[in-house]
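Colleague: What follows is the residue order along each chain.
Number of protein chains: 2
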Amino acid sequence: MSFRYELLQKRGQARRGRIHTPHGIIETPEFLPVGTQATVKALTPQQLQELGVQGVLANTYHLYLRPGSQLVEKLGGLHKMMNWPRPIMTDSGGFQAFSLGAGREHGVGKIGGVFPGTTAKKPRGAVLSNMVKINEEGVRFRSHHDGSTHLLTPESSIRIQEELGADMILAFDECTSPLADKAYTEVALERTHRWAVRCLEARRDTPQALYGILQGGAYPDLRERTLDFMLKWPWQGFAVGGSLGKTKQEMHQVLDWTVPGLPDDKPRHLLGIGEFSDLFEGVARGIDTFDCVIPTRFARNGHVFVPPGSPGRSPRGTWNVLNARFFDLDEPIQKDCECYCCANFSLAYLRHLHKAEEILAYTLCSMHNIHFLLRLMAEMRRALEEDRFAELRGLYCDDLGAGLGTGAT
Amino acid sequence: MSFRYELLQKRGQARRGRIHTPHGIIETPEFLPVGTQATVKALTPQQLQELGVQGVLANTYHLYLRPGSQLVEKLGGLHKMMNWPRPIMTDSGGFQAFSLGAGREHGVGKIGGVFPGTTAKKPRGAVLSNMVKINEEGVRFRSHHDGSTHLLTPESSIRIQEELGADMILAFDECTSPLADKAYTEVALERTHRWAVRCLEARRDTPQALYGILQGGAYPDLRERTLDFMLKWPWQGFAVGGSLGKTKQEMHQVLDWTVPGLPDDKPRHLLGIGEFSDLFEGVARGIDTFDCVIPTRFARNGHVFVPPGSPGRSPRGTWNVLNARFFDLDEPIQKDCECYCCANFSLAYLRHLHKAEEILAYTLCSMHNIHFLLRLMAEMRRALEEDRFAELRGLYCDDLGAGLGTGAT
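Keeping their order, the protein sequence lines are chains G and A. Taking my numbering, the leading residue of the first sequence gets 15, the next gets one more, and so forth. Taking my numbering, the leading residue of the second sequence gets 15, the next gets one more, and so forth.
No lab work stands behind these hints, which were simulated from the structure alone. Built from N, CA and C at the ideal position, the CB exists for glycine as well. One or more hints might be untrue.
To be verified - Covered stretches of chain A, going by a simulated chain G footprint (3 or more residues, C-beta under 8 angstroms):
hint, stretch
1, 80-92
2, 369-376
Claimed, not checked - Label-pair restraints from in silico Cβ distances:
hint, chain 1, residue 1, chain 2, residue 2, range
3, A, R339, G, V211, 41 to 47 angstroms
4, A, R208, G, G323, 57 to 63 angstroms
5, A, L336, G, E64, 26 to 32 angstroms
Taking the hints into account, I'd like the entire structure generated from these sequences.
Modeller: Below is the structure:
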């Protein structure tokens, strides 16, 4: 089946649609769990299918370095190697080359602010250390595994992604820091445009859909410029990338400046964003697909999603199962949840498993978090069909106090 | 259903039978995977059931310390807490109190010799450090979690095991080291006999089957003495425990001295033994059930069981999937294996997952190893029915060069 986006309904900017891919359909809006190293951490492909996962995102940077994209190709591509029959998206490798290639987490997220537990190291321009060099040709970086030097270019990124064989691949871009100034962001943007054209020229005749990436930081005129430029080229889809500003409000603005100008007949992906409230805000602004490590990473740290009104729910919509109040609680995370974890296991047992650092803790909590987000996305799709999206958003987000914007619908 | 052993066939000392428990039947001989902390590492109960696991063994020492046996009881017992509907056995906690309670692995296995990667620290008598004190009352030890002091006695071991609620529970005993001399082994044996009687007196009226443990080290007269003593008491089953000698040959002797004297109508368990060849040697000598961490621990280290004739098979019957020769091998571990791992994943992918330290590596290899052993046990059961056990044993073990004994059948 060749790639296409089918628009079913539009409510304000929000869309209910379908992405047709060579490996099946993704009903949108939808969340794609991340399988960085060709595995969604702690889950088998069978479990992912049983959870109803429609597609996953794998990371080009990681797979290029290990096990190597040529090996993946030799093994029949990502789908066959990881035994995943449904759609896969790969990113361009750029973001990780800039961050991990610098030999450390640079401490700055895609939305501004310093990641908890990391230190921002006086970031300059693109927050690069001297281990990462960027020029017109591409990005030279060191492997975070062994320090070996590598060059990633628009051409090599496309070639690697063709070897990996995902259904949706991304143009190679420079993801600037939220702390980058406008002058640097503009230089990077113009280079990203030239790289975008090189990506289109480099691609071969595969059934893969190539998404263009919209950069421009939190600067409205740069976002407008990239939109004008990118619309001239034959992308099969678009991804909103780069710095999304220093606050959630700025991220909403970036989406408001960008997404309404995109064509109705192409899918839009929001890169690396998946906080609870972000999904609602993104969908409201016309995003079709999201990817993020949040549900699985949260799960491995004992943070599980709970519905609105759950006592002690954090601003991120979670409980920490390690909390002492769950010590002897013989109840599931969520009573009306139908996931394998909630159907069979108590919070007291989950707390024990986490305390004991048992792998089953990570598996069960990952199942719940993914199930929770997928059910949420399914509810959003239904709400869009029935024209009550705003109501659903209010229900899930009004008590989070996370400084949500007003949205576009 | 009340507990009983049903003998179906006897071939020499080897037996084909059935253990009826309150949670269903175990077709024997059978291997029970270990779920130390109330979870078989890296697998869900659903996966265990799909693998055909008939029963598991959980460790009393670990569960007493964390999450606590009273909590397990409050949560409805082990079966309900861990969502495992099939039979469970718990050990007495003694072995771990002596070893882990000493604040470190003592470096000596149940069969003599030093574990790879550990150091034997000049073991004395019972290989105890000054953190473990043993006297007539019981064993005083320190938690390996927080250093807190605990006392485990025959009475408390039984009480804890009743709180955990397994189908088969074990008498509290002192497991002496293979390096203990005869004088110490004899003192420990007599104390273990007094403890055994106290266990019988302490037990309440539960549907649990209480197994007596046969100690006596590698000394034939002590093994004979313990057999005479234990046969006088109303056990529902027997476990062969304690030091099983310094070599596999000595272990076989210990079994030959012990098992033939046990009654036909009671099941026999061999504690903590599960090497490939040991299963054959144990079955040949009349053992019905085994437990061991080997299949899951091996799996997490990348060691997977392969059938006889596999090139480069180690003396333990394994391949190491991390081996460079598997780098690009697009073949499963075992072509005719029907487990989820072999049906869907290549050695090259498994090697990648192990290199990347992905949890899925541990899950998939654990599946294969457990499936492999369970299939082996099923083959043994069929071979016993069809009176061709010796042939099967020759097929699986003749190329291992592990110094196997001649067996009793």
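Colleague: Indicate, hint by hint, whether the structure satisfies it.
Modeller: So, going through the hints one by one against the coordinates:
1. Using a Cβ-Cβ cut-off of 8 angstroms, 6 residues of the stretch 80-92 of chain A lie near chain G, which meets the minimum of three, so the contact claim holds.
2. Residues of the stretch 369-376 of chain A lying with their CB closer than 8 angstroms to a CB of chain G number 6, which satisfies the three-residue condition for coverage.
3. Checked against the hint of 41 to 47 angstroms, the C-beta distance between R339/A and V211/G comes to roughly 43 angstroms, which is consistent with it.
4. At roughly 59 angstroms, the beta-carbon separation of R208/A and G323/G lies within the given 57 to 63 angstroms, and the hint holds.
5. Our hint of 26 to 32 angstroms for L336/A and E64/G holds, since their Cβ atoms are close to 30 angstroms apart.
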